[in-house]
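Working from the sequences, and respecting the hints, build out all of it.
Number of protein chains: 2
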Amino acid sequence: MLPSAKVIHVDTRGAVILSEESPEARKHIKNGTRDSRGIYLPNYIEPVSHIAVDVGGSLAKVVYFTRSPDPPSSPSIIATRGSGTPSNLSSPSHTPPNESEAAAANHLSPSTSKRNGALTPLILGDPYTHTYPGNISQLTGLANGSLLRDTILRRTVQHFPGGSLNFERFETDSIDECVQFIQSLIERSAEVNGVSIEEMRKGVKIMATGGGAHKFYELFHDTLCVEVRREDEMECLIEGLKFITLIPDEVYYFSDELIQSVSQSGSSAVRVDGPGPSKLPAVAPNGVLERPSPNPPAYAVTFESNPTPQLPCLLVNIGSGVSLIKVDEDGKFERVSGTSLGGGTLWGLLSLLTPATTFDEMLAFSEKGDNATVDMLVGDIYGQDYSRLGLKSTMIASSFGKVFKKGGDKRQFSPEDISRSLLYAVSNNIGQIAYMNAEKYNLERIYFGGCFIRGHAATIGTLSYAIRFWSKGTKRALFLRHEGFLGSIGAWLKNIGPGEDEA
Amino acid sequence: MLPSAKVIHVDTRGAVILSEESPEARKHIKNGTRDSRGIYLPNYIEPVSHIAVDVGGSLAKVVYFTRSPDPPSSPSIIATRGSGTPSNLSSPSHTPPNESEAAAANHLSPSTSKRNGALTPLILGDPYTHTYPGNISQLTGLANGSLLRDTILRRTVQHFPGGSLNFERFETDSIDECVQFIQSLIERSAEVNGVSIEEMRKGVKIMATGGGAHKFYELFHDTLCVEVRREDEMECLIEGLKFITLIPDEVYYFSDELIQSVSQSGSSAVRVDGPGPSKLPAVAPNGVLERPSPNPPAYAVTFESNPTPQLPCLLVNIGSGVSLIKVDEDGKFERVSGTSLGGGTLWGLLSLLTPATTFDEMLAFSEKGDNATVDMLVGDIYGQDYSRLGLKSTMIASSFGKVFKKGGDKRQFSPEDISRSLLYAVSNNIGQIAYMNAEKYNLERIYFGGCFIRGHAATIGTLSYAIRFWSKGTKRALFLRHEGFLGSIGAWLKNIGPGEDEA
Numbered sequence: 002m003l004p005s006a007k008v009i010h011v012d013t014r015g016a017v018i019l020s021e022e023s024p025e026a027r028k029h030i031k032n033g034t035r036d037s038r039g040i041y042l043p044n045y046i047e048p049v050s051h052i053a054v055d056v057g058g059s060l061a062k063v064v065y066f067t068r069s070p071d072p073p074s075s076p077s078i079i080a081t082r083g084s085g086t087p088s089n090l091s092s093p094s095h096t097p098p099n100e101s102e103a104a105a106a107n108h109l110s111p112s113t114s115k116r117n118g119a120l121t122p123l124i125l126g127d128p129y130t131h132t133y134p135g136n137i138s139q140l141t142g143l144a145n146g147s148l149l150r151d152t153i154l155r156r157t158v159q160h161f162p163g164g165s166l167n168f169e170r171f172e173t174d175s176i177d178e179c180v181q182f183i184q185s186l187i188e189r190s191a192e193v194n195g196v197s198i199e200e201m202r203k204g205v206k207i208m209a210t211g212g213g214a215h216k217f218y219e220l221f222h223d224t225l226c227v228e229v230r231r232e233d234e235m236e237c238l239i240e241g242l243k244f245i246t247l248i249p250d251e252v253y254y255f256s257d258e259l260i261q262s263v264s265q266s267g268s269s270a271v272r273v274d275g276p277g278p279s280k281l282p283a284v285a286p287n288g289v290l291e292r293p294s295p296n297p298p299a300y301a302v303t304f305e306s307n308p309t310p311q312l313p314c315l316l317v318n319i320g321s322g323v324s325l326i327k328v329d330e331d332g333k334f335e336r337v338s339g340t341s342l343g344g345g346t347l348w349g350l351l352s353l354l355t356p357a358t359t360f361d362e363m364l365a366f367s368e369k370g371d372n373a374t375v376d377m378l379v380g381d382i383y384g385q386d387y388s389r390l391g392l393k394s395t396m397i398a399s400s401f402g403k404v405f406k407k408g409g410d411k412r413q414f415s416p417e418d419i420s421r422s423l424l425y426a427v428s429n430n431i432g433q434i435a436y437m438n439a440e441k442y443n444l445e446r447i448y449f450g451g452c453f454i455r456g457h458a459a460t461i462g463t464l465s466y467a468i469r470f471w472s473k474g475t476k477r478a479l480f481l482r483h484e485g486f487l488g489s490i491g492a493w494l495k496n497i498g499p500g501e502d503e504a
Numbered sequence: 002m003l004p005s006a007k008v009i010h011v012d013t014r015g016a017v018i019l020s021e022e023s024p025e026a027r028k029h030i031k032n033g034t035r036d037s038r039g040i041y042l043p044n045y046i047e048p049v050s051h052i053a054v055d056v057g058g059s060l061a062k063v064v065y066f067t068r069s070p071d072p073p074s075s076p077s078i079i080a081t082r083g084s085g086t087p088s089n090l091s092s093p094s095h096t097p098p099n100e101s102e103a104a105a106a107n108h109l110s111p112s113t114s115k116r117n118g119a120l121t122p123l124i125l126g127d128p129y130t131h132t133y134p135g136n137i138s139q140l141t142g143l144a145n146g147s148l149l150r151d152t153i154l155r156r157t158v159q160h161f162p163g164g165s166l167n168f169e170r171f172e173t174d175s176i177d178e179c180v181q182f183i184q185s186l187i188e189r190s191a192e193v194n195g196v197s198i199e200e201m202r203k204g205v206k207i208m209a210t211g212g213g214a215h216k217f218y219e220l221f222h223d224t225l226c227v228e229v230r231r232e233d234e235m236e237c238l239i240e241g242l243k244f245i246t247l248i249p250d251e252v253y254y255f256s257d258e259l260i261q262s263v264s265q266s267g268s269s270a271v272r273v274d275g276p277g278p279s280k281l282p283a284v285a286p287n288g289v290l291e292r293p294s295p296n297p298p299a300y301a302v303t304f305e306s307n308p309t310p311q312l313p314c315l316l317v318n319i320g321s322g323v324s325l326i327k328v329d330e331d332g333k334f335e336r337v338s339g340t341s342l343g344g345g346t347l348w349g350l351l352s353l354l355t356p357a358t359t360f361d362e363m364l365a366f367s368e369k370g371d372n373a374t375v376d377m378l379v380g381d382i383y384g385q386d387y388s389r390l391g392l393k394s395t396m397i398a399s400s401f402g403k404v405f406k407k408g409g410d411k412r413q414f415s416p417e418d419i420s421r422s423l424l425y426a427v428s429n430n431i432g433q434i435a436y437m438n439a440e441k442y443n444l445e446r447i448y449f450g451g452c453f454i455r456g457h458a459a460t461i462g463t464l465s466y467a468i469r470f471w472s473k474g475t476k477r478a479l480f481l482r483h484e485g486f487l488g489s490i491g492a493w494l495k496n497i498g499p500g501e502d503e504a
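Listed in order, the protein sequences are those of chains A and Y. Quick note on numbering: the first sequence equals residues 2 to 504 in the working numbering. Quick note on numbering: the second sequence equals residues 2 to 504 in the working numbering.
To be clear, the hints were calculated from the coordinates, so they are not data collected in a lab. Among the clues, some could well be false.
Remember, identical chains collapse to one label, so a pair may be satisfied in a single copy or spanning two.
SDA-like, lysine to any residue: derived pairs with alpha carbons at most 20 Å apart [what the hints assert, rightly or not]:
hint : residue 1 : residue 2
1    : K206      : K216
2    : K406      : E362
3    : K441      : R336
4    : K216      : Q385
5    : K216      : S388
6    : K206      : E228
7    : K441      : T475
8    : K473      : E445
9    : K216      : D386
10   : K406      : A357
These numbers were taken from a predicted model, which means no experiment stands behind them.
If you want it as structure tokens, here you go:
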């Protein structure tokens, strides 16, 4: 998987959030799924360094930086073309450098590989917010064309020409492919730099996090023959979160109006069974009968375009399993809870109960399903609302509760209905546990990270409803475009900063 | 299902808790399962009244009282043979009355059916504890031979000869069978009383609770032609709980030593994946290598022989779905939470994923299973403990998390392993949500009710471990022999009390 290949694994945008109108972005937008945001591929593949990998139970997430002297020609970027010249670097050029210039500029020497040349991203001596621990720096190079770059650049001490964070994913079961990918990154880097592979390796460090950083340490280290640093998973998640939430339009959420308009009664009693094709919502307050579907304008989520500091908050990282981490206003964090009913549970159950063989197939099934054929609703038990307790008849009393009665004949239940029911069950449960912890620690903001959500409307909706339901609207579920890469971004960031060259 | 038949549905003991040695009990003990406690069947089937039914999503639970002038001849009962003579009743006799005496004693007249004759249980003018609402009375007739009877009898104003609460269960899907059963109870009662069915019906009232009390109201009312009173489900659960927890040996729990001895490390870090045949516990502190199994003496649960008032507490009622109800010290209650991941979910999933066709088969499968083949453990991700967070390698990181990787081929996973994994998943989750609510409301005692547990060791163990794990030992999971009948007992009790004869 070379970076220049038409990507298969990269299904998320680079750290530069391009405006949708940019020709650069349009070139790469895939059809249909929420994951197909514009991908900024640098015009010029520079040597890479600073590779980070987050190896979880199911997926290995890779992040690496590539430099591009020419930012993409999108309107927003042109308007805010970078400025500022670090004293000990060659000037950024707005025309593509020739090979020899590039080689000279990028010449690696171990002692300066972090500070000189084009291989390191911007280093801030002055963190963007005082809440950041001292060894975390901002990456302004990512912020070409965005509001972030403007604000951060004002504080720069040193900066480099723009570049991109690139993202790749592999199945942990195929960890060798991941290792080989990184190997090829390093080899290509040596080639472009005009140095030997041995020389290149001296300057490359892999920041590894997640459980697999420990489990596969020898594999990475012995195969790649580079330094591998193991970083704590929770720490990396939080660093990644703190960083990523500063990027405009990274964070998004369902608006209150959206949640309101799809609730069955139109009242503040929100359905936790979420929207579904068979559940016609009441006519919305504006008179329009709205239906949830993957890409209707009415259901566009709201993006956080002007991010403000997002702490304190609760991070709910949904991978194979789920970790809940509270983050204080000063950036201190603590893993306060978890649940084993996570993505791995849902995928595992659906792989046995439906013909689906991939996550996306399972989610596609769920979009067409009606959970009321397999779930036992309050109305099924009571014949009506349980009004004394405020339980609407459409609320789910028992997930999958209708299945056992029907004699256990699997053929009676469609994969679509089964998928929707279990998606709701897992999502509602995570939402409930998230809410309880947010309430316990008095946190209003609840971020959902991890590879589980994948921009899927029903999942986002269910989590949003659950938080709103339990909190009576006082708390908000927030989602991230780069949800699956928090740990790897955080690990990558930990490689940057003053005083990093300790032995 | 006539009460005198060798019972099929009655799988729990009568409200008289017989000592295990009593010949009466031994006659009826079934093999193998925890549910087979001694069943006290009255020597003499008296006319019944005061029938209560709790119709839930899956099961309809029936409770009815029968009088027996001769308590069973068990040692403990003989020693505490009843005393006290109500002023307006015939004296209790220790020899079986002849037919005509019985008929005379039991003659029904509408105005006195509650106060005279043998059809009503004991009524206390002075509740056992001041925390009871005024209209709830104790049933001392149940307490033949038990400590409860001794204590309550001292406070009696009126009492009747002993009798029993009888229990029956039906599938809600076969609600007609339940109705027919009650019909036959009433017919038999009329017969024994020597009255017409129409006359009998005037004196019979059915107290109905659960969702089905509303859904099936007409069915009960029109078929049986008796008064049917609908009672709130939550109220009945709590009344039943308050009553039942006073009976000696009703409440039981896993001792701390038991929990300690089966934890993997023998330390205070308790495994939440519970014991399993493939998980050999470390040698216990006493040097004995203990293994969990259904009936070893070492794993006998601890019974609460001297119950003290049990409020405040949290009741977790696990039926098809789960309700969590907090009960204050003064008996006031509030349903504070719930989850749709309950018994219905587990049975539904296992009915599709295994060959099992009954709950008991599913539980039997789970006893032989090893969840580590389908669950992703912390050790699978990390290769070791995640010691920084105190997460042992044997802890479950992702339930069912190994299933998706293996290509989705269902045949690779045994029904035993699948059953154990999902039993743990559902139980651990309920335990976690229960703990969080107990913590929120500062409650130490957590009672588990509902038909889910069925005295199954792995389930009890998992719930106990989960509470202990999350609470660090400060809270306790408590279980009830009559777990599934709280609502029906509560409904039944609501029929008793001064001033009940309002129109």
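Quiz item: Among the hints numbered above, which are violated by the structure, and what are their numbers in rising order?
Solution: none
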